[in-house]
Amino acid sequence: MKTHTDYLWFNTEKRQEFIRITDKVAQVVEESGVEEGMVLVSAMHITAAVYVNDAENGLIEDIQDWVEKLAPTYGVYGREGKEYRHHQTGEDNGDAHLKRLLLGHQVILPITKGKLDLGPWEQVYYAEFDGKRRKRVVVKVMGMQSIDDEMEDLDMYQNKDNLQKKLQESLDSGLSDLII
Amino acid sequence: MKTHTDYLWFNTEKRQEFIRITDKVAQVVEESGVEEGMVLVSAMHITAAVYVNDAENGLIEDIQDWVEKLAPTYGVYGREGKEYRHHQTGEDNGDAHLKRLLLGHQVILPITKGKLDLGPWEQVYYAEFDGKRRKRVVVKVMGMQSIDDEMEDLDMYQNKDNLQKKLQESLDSGLSDLII
Amino acid sequence: MKTHTDYLWFNTEKRQEFIRITDKVAQVVEESGVEEGMVLVSAMHITAAVYVNDAENGLIEDIQDWVEKLAPTYGVYGREGKEYRHHQTGEDNGDAHLKRLLLGHQVILPITKGKLDLGPWEQVYYAEFDGKRRKRVVVKVMGMQSIDDEMEDLDMYQNKDNLQKKLQESLDSGLSDLII
Numbered sequence: 006m007k008t009h010t011d012y013l014w015f016n017t018e019k020r021q022e023f024i025r026i027t028d029k030v031a032q033v034v035e036e037s038g039v040e041e042g043m044v045l046v047s048a049m050h051i052t053a054a055v056y057v058n059d060a061e062n063g064l065i066e067d068i069q070d071w072v073e074k075l076a077p078t079y080g081v082y083g084r085e086g087k088e089y090r091h092h093q094t095g096e097d098n099g100d101a102h103l104k105r106l107l108l109g110h111q112v113i114l115p116i117t118k119g120k121l122d123l124g125p126w127e128q129v130y131y132a133e134f135d136g137k138r139r140k141r142v143v144v145k146v147m148g149m150q151s152i153d154d155e156m157e158d159l160d161m162y163q164n165k166d167n168l169q170k171k172l173q174e175s176l177d178s179g180l181s182d183l184i185i
Numbered sequence: 006m007k008t009h010t011d012y013l014w015f016n017t018e019k020r021q022e023f024i025r026i027t028d029k030v031a032q033v034v035e036e037s038g039v040e041e042g043m044v045l046v047s048a049m050h051i052t053a054a055v056y057v058n059d060a061e062n063g064l065i066e067d068i069q070d071w072v073e074k075l076a077p078t079y080g081v082y083g084r085e086g087k088e089y090r091h092h093q094t095g096e097d098n099g100d101a102h103l104k105r106l107l108l109g110h111q112v113i114l115p116i117t118k119g120k121l122d123l124g125p126w127e128q129v130y131y132a133e134f135d136g137k138r139r140k141r142v143v144v145k146v147m148g149m150q151s152i153d154d155e156m157e158d159l160d161m162y163q164n165k166d167n168l169q170k171k172l173q174e175s176l177d178s179g180l181s182d183l184i185i
Numbered sequence: 006m007k008t009h010t011d012y013l014w015f016n017t018e019k020r021q022e023f024i025r026i027t028d029k030v031a032q033v034v035e036e037s038g039v040e041e042g043m044v045l046v047s048a049m050h051i052t053a054a055v056y057v058n059d060a061e062n063g064l065i066e067d068i069q070d071w072v073e074k075l076a077p078t079y080g081v082y083g084r085e086g087k088e089y090r091h092h093q094t095g096e097d098n099g100d101a102h103l104k105r106l107l108l109g110h111q112v113i114l115p116i117t118k119g120k121l122d123l124g125p126w127e128q129v130y131y132a133e134f135d136g137k138r139r140k141r142v143v144v145k146v147m148g149m150q151s152i153d154d155e156m157e158d159l160d161m162y163q164n165k166d167n168l169q170k171k172l173q174e175s176l177d178s179g180l181s182d183l184i185i
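Protein chains in written order, with this note's numbering: chain D, 6 to 185; chain E, 6 to 185; chain R, 6 to 185.
Quick caveat, the hints were computed from the structure, so don't treat them as lab data.
Keep in mind that this is a model prediction, so the values were computed, not measured.
It cannot be assumed that every hint is accurate.
[Said to hold, decoys possible] Only pairs whose alpha carbons sit at most 30 Å apart, straight line, appear in this in silico DSS-like list of lysine-lysine:
{"id": "1", "chain 1": "E", "residue 1": "19", "chain 2": "E", "residue 2": "87"}
{"id": "2", "chain 1": "R", "residue 1": "29", "chain 2": "D", "residue 2": "19"}
{"id": "3", "chain 1": "D", "residue 1": "74", "chain 2": "D", "residue 2": "120"}
{"id": "4", "chain 1": "R", "residue 1": "87", "chain 2": "E", "residue 2": "74"}
{"id": "5", "chain 1": "R", "residue 1": "87", "chain 2": "R", "residue 2": "29"}
{"id": "6", "chain 1": "R", "residue 1": "29", "chain 2": "E", "residue 2": "118"}
{"id": "7", "chain 1": "R", "residue 1": "120", "chain 2": "D", "residue 2": "29"}
{"id": "8", "chain 1": "D", "residue 1": "87", "chain 2": "E", "residue 2": "74"}
{"id": "9", "chain 1": "E", "residue 1": "120", "chain 2": "D", "residue 2": "120"}
{"id": "10", "chain 1": "R", "residue 1": "118", "chain 2": "E", "residue 2": "74"}
{"id": "11", "chain 1": "R", "residue 1": "120", "chain 2": "D", "residue 2": "120"}
{"id": "12", "chain 1": "E", "residue 1": "74", "chain 2": "E", "residue 2": "87"}
{"id": "13", "chain 1": "R", "residue 1": "137", "chain 2": "R", "residue 2": "118"}
{"id": "14", "chain 1": "D", "residue 1": "29", "chain 2": "D", "residue 2": "120"}
{"id": "15", "chain 1": "R", "residue 1": "87", "chain 2": "D", "residue 2": "29"}
{"id": "16", "chain 1": "D", "residue 1": "74", "chain 2": "E", "residue 2": "74"}
{"id": "17", "chain 1": "R", "residue 1": "19", "chain 2": "R", "residue 2": "87"}
{"id": "18", "chain 1": "R", "residue 1": "87", "chain 2": "D", "residue 2": "74"}
{"id": "19", "chain 1": "E", "residue 1": "74", "chain 2": "R", "residue 2": "74"}
{"id": "20", "chain 1": "E", "residue 1": "19", "chain 2": "E", "residue 2": "137"}
{"id": "21", "chain 1": "R", "residue 1": "118", "chain 2": "D", "residue 2": "120"}
{"id": "22", "chain 1": "E", "residue 1": "120", "chain 2": "R", "residue 2": "120"}
{"id": "23", "chain 1": "R", "residue 1": "120", "chain 2": "E", "residue 2": "19"}
{"id": "24", "chain 1": "D", "residue 1": "74", "chain 2": "E", "residue 2": "87"}
{"id": "25", "chain 1": "E", "residue 1": "87", "chain 2": "R", "residue 2": "87"}
{"id": "26", "chain 1": "R", "residue 1": "120", "chain 2": "R", "residue 2": "74"}
{"id": "27", "chain 1": "D", "residue 1": "118", "chain 2": "R", "residue 2": "118"}
{"id": "28", "chain 1": "D", "residue 1": "74", "chain 2": "D", "residue 2": "87"}
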């Protein structure tokens with residue numbers, strides 16, 4: 006069994022931006038060496054979403070119109086109603102919190118035979134609703150390595166020095182990449 | 006540890022259809038032999054949803070009315086607004102993409118003592134919004150087998166020929182069912 | 006590898022109540038001994054939600070206004086439309102089912118170096134929409150223990166009596182806490 010953790014950083018130019026991240030997630034999965042398992046992709050800031058849908062520009066604009074209609078910028082009922090209570094704190098991003106709730110902030114992707122097991126049109130998107138600053142998405146892989154790699158790890162248990170060395174390498178790498 | 010992957014196929018008669026799939030998911034879990042873990046149930050086509058709620062026909066119709074109100078067929082603002090941009094590609098299913106986003110496209114169910122660990126009224130549904138064609142749901146189980154099965158697998162590591170044979174059987178079965 | 010399962014119970018005084026549960030989830034994770042993995046937090050009753058967002062009281066009221074606007078108490082179109090079909094069964098909580106669908110009923114939190122791996126403002130909330138009765142949230146942890154604990158477990162496999170004893174303790178504890 007193996008887990009592997011990495012973080013994707015974003016700092017968008019515009020306040021709202023939708024970014025396709027399928028390839029970046031696939032790269033983390035490849036680096037993990039996990040053959041069978043799952044990967045969690047989760048926005049760590051509460052005004053951004055992660056969702057799976059089509060890489061079609063018209064649809065992406067439709068989605069942006071849709072979340073604006075259902076979670077308007079000024080307040081729950083738009084300009085005809087009162088402003089978000091959250092703005093009394095000095096924030097101006099009440100809508101961004103609701104948009105994240107509407108689209109969801111995380112997905113789990115299955116990993117089968119070492120690859121993301123996605124349907125033909127499934128693409129992973131990071132949806133930023135309050136950008137222009139550094140924000141993170143955690144990508145956490147969990148599952149089984151190839152038979153050979155699992156056997157190598159099991160052999161290692163017989164040799165505590167090897168295990169200690171590998172663990173130290175993992176810690177030194179700066180990523181929480183633990184192999185057991 | 007074990008993972009087990011299967012796919013449920015759907016080809017609905019109507020464009021929109023809601024189908025209870027709890028029993029099918031439970032069957033995949035039983036086949037997996039996993040005693041403690043999780044199962045991911047995820048729609049692989051981007052105009053279908055998977056959700057957990059009540060198996061009450063009135064409520065199901067309420068849900069269908071609700072998603073139609075919030076994600077109307079013609080466009081974000083219904084017939085009073087412009088048509089979905091996505092329809093400029095020749096597609097007519099912009100609403101189905103949004104309905105999937107509203108209900109969510111996946112759930113994770115806990116497996117405890119070999120069974121789906123669901124509340125008394127929790128039922129898993131496949132919600133098709135653009136049917137009449139073959140579409141898939143991936144069901145991926147991950148977790149631990151019974152103590153006896155885990156010990157049997159560990160014994161197997163001592164015998165590389167057995168392991169090779171079991172792996173080959175797994176590959177030959179057509180399902181990516183890997184035991185480590 | 007280890008899994009650990011626990012349940013949080015709620016019995017709210019008011020019909021609708023939002024409760025921050027981050028610390029309770031963190032406590033279950035600590036009890037599990039899992040160092041690297043994931044924890045599923047899932048509402049087992051179909052009129053409650055679990056979501057991750059800000060612990061700011063104004064925003065919480067904004068969220069409550071928002072779900073009431075999008076999933077009104079009386080019916081899909083509010084008092085101007087017909088009542089929920091679900092109410093013909095004698096229930097009065099059609100809106101609570103939809104509110105759960107809107108906010109989502111579960112989250113997966115990553116566990117890194119033994120702690121919940123959350124962003125600076127991420128807080129886990131239980132959102133009750135039909136309370137005043139006992140309801141549950143399942144918290145299921147899955148992942149790897151520390152190297153030392155994993156090695157101890159592996160040593161145990163060499164001694165079937167120890168394993169049997171530990172399994173029995175686990176079963177006797179009333180929690181489905183299985184160590185393999």
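To see whether the hints hold, each was checked on the structure:
1. E/19 x E/87: Holds, at roughly 26 Å.
2. R/29 x D/19: violated (37 Å)
3. D/74 x D/120: Since the Cα atoms of residue 74 of chain D and residue 120 of chain D sit roughly 36 Å apart, the hinted pair is violated (cutoff 30 Å).
4. R/87 x E/74: holds (13 Å)
5. R/87 x R/29: violated (41 Å)
6. R/29 x E/118: holds (23 Å)
7. R/120 x D/29: OK: residue 120 of chain R and residue 29 of chain D at ~25 Å, within 30 Å.
8. D/87 x E/74: Holds. Residue 87 of chain D to residue 74 of chain E sits at ~23 Å (cutoff 30 Å).
9. E/120 x D/120: holds (28 Å)
10. R/118 x E/74: violated (45 Å)
11. R/120 x D/120: holds (28 Å)
12. E/74 x E/87: holds (16 Å)
13. R/137 x R/118: This hinted pair is violated, its Cα atoms lying about 38 Å apart.
14. D/29 x D/120: Distance of about 13 Å is within 30 Å: holds.
15. R/87 x D/29: violated (47 Å)
16. D/74 x E/74: Between residue 74 of chain D and residue 74 of chain E the Cα gap is close to 12 Å, so the pair holds against 30 Å.
17. R/19 x R/87: Holds, at roughly 26 Å.
18. R/87 x D/74: holds (23 Å)
19. E/74 x R/74: Answer holds: residue 74 of chain E to residue 74 of chain R is near 12 Å, not above 30 Å.
20. E/19 x E/137: holds (6 Å)
21. R/118 x D/120: holds (26 Å)
22. E/120 x R/120: holds (28 Å)
23. R/120 x E/19: Judged against 30 Å, a Cα distance of about 47 Å means the pair is violated.
24. D/74 x E/87: With Cα atoms ~13 Å apart, residue 74 of chain D and residue 87 of chain E stay inside 30 Å; holds.
25. E/87 x R/87: Holds - the C-alpha atoms of residue 87 of chain R and residue 87 of chain E are around 27 Å apart, at most 30 Å.
26. R/120 x R/74: violated (37 Å)
27. D/118 x R/118: holds (27 Å)
28. D/74 x D/87: holds (16 Å)
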